[in-house]
Amino acid sequence: MIRPVAGARFAPGDAVRVRDMDKEGHVRTPDYTKGKPGRIAEILGGFPNPERLAYGGDGLPERPLYKVGFRQADLWHGYGGSPADVLFIDLYEHWLEPREHGGEEKRT
Amino acid sequence: MSENGHDHPHEEPQHERSPWAARIRAIEELLEERGVFTKEEVEAQVEYMEARTYENGARIVARAWVDPAFKERLLSDTKAAAAELGVDASGTIEFATIENTDEVHNVIVCTLCSCYPRAILGRPPDWYKSFAYRSRVVVEPREVLREFGLVVPENKRVAVHDSSADLRYLVLPQRPEGTEGMGEEELAALVTRDSLIGTDVPHSTREASRV
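So the protein lines, in turn, are chains A and B.
Note that the working numbering has the first sequence beginning at 36, numbered continuously upward.
Note that the working numbering has the second sequence beginning at 887, numbered continuously upward.
FYI, nobody ran anything at the bench for these hints, they're computed from the structure.
Where hints are given, some of them may not hold.
Covered stretches of chain A, as calculated for chain B (at least 3 residues, CB under 8 Å) [unchecked claim]: (1) 64 to 73; (2) 114 to 128.
Part of the chain B face toward chain A, derived, beta carbon under 7 Å [as the list claims (entries may be wrong)]: (3) D1012; (4) V1025; (5) E1040; (6) A1045; (7) V1046; (8) H1047; (9) D1048; (10) S1050; (11) A1051; (12) L1053.
Quick list of the computed label-pair ranges, beta carbon to beta carbon [what the hints assert, rightly or not]: (13) C999(B) - P47(A): 26 to 36 Å; (14) D93(A) - E915(B): 20 to 30 Å; (15) A89(A) - R1009(B): 20 to 30 Å; (16) C999(B) - G92(A): 37 to 47 Å; (17) L971(B) - E132(A): 40 to 50 Å; (18) G60(A) - K1015(B): 16 to 26 Å; (19) Q931(B) - G94(A): 16 to 26 Å.
Keep in mind it's a predicted model, so treat the numbers as computed, not measured.
C-beta: ideal position from N, C-alpha, C; glycine also.
Chain A with its partners taken away, still in its complex shape:
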């Protein structure tokens, strides 16, 4: 953890899915992750919300930020590298939802 955070909803190892929201503005969630299954790798801490910070707001309350890991094969159809290849990205909590069944996460 890089910064302190209170009340983080997810813990390392949790199965999550990136919310597939169509939101305008200074969104730090790239389209290629939207709707994709991943796992929490690390709680990075509480950070100001860039979606408000970018427009003159203070970005408060801070949002929990997570490092989320994905299997490359879950991100890209027909991924050509090793099945063990992964991608990590830092996502804010309001872009994540719990993934109960984990069925779509490919096995390696």
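Chain A is fixed; fit chain B onto it per the hints.
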């Protein structure tokens, strides 16, 4: 009024100013006029940035290679570890260091813009900001690395790190074999800029690495 709409002249030759540069300059002047910042502050920031180069990262890596306790501190608190070597990365941006191992090779990108650990490494290379690198390295990292001259064995995992938020990442490359007798300064000279991003790895002689 002069052509730039102000009473003070500009020193830059006109032929070097692209439309983008002219636009930035115009915005800068407006912000100066309105007291958001002063010209001196802009110049101080330029100097601050120009004083930073990847050599800071090379020194940090070399120290981590020779001092396991420093390496632990670097991996757990990059900002504090950088400060130990006189690299001031204080500020609102956080930093993290990702370690290459026998099992995983790491490579950094910012797909949304061009986030880079500037407070430590200075300005990013132009290719790092290119649309081609940003869009391709997440989709086909092994091909992109191969184009950089780096072939990652199939049995080694490739981990791409998209720095999409308030953290900036450095790669801690593996110490090359055959460098056992080398001192810290000699080791630092082996660390290339690109090896701190993950598109290169250091070799036991600088000549074998790409600069």
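Going back to the hint list, which numbers does this structure go against?
3, 16
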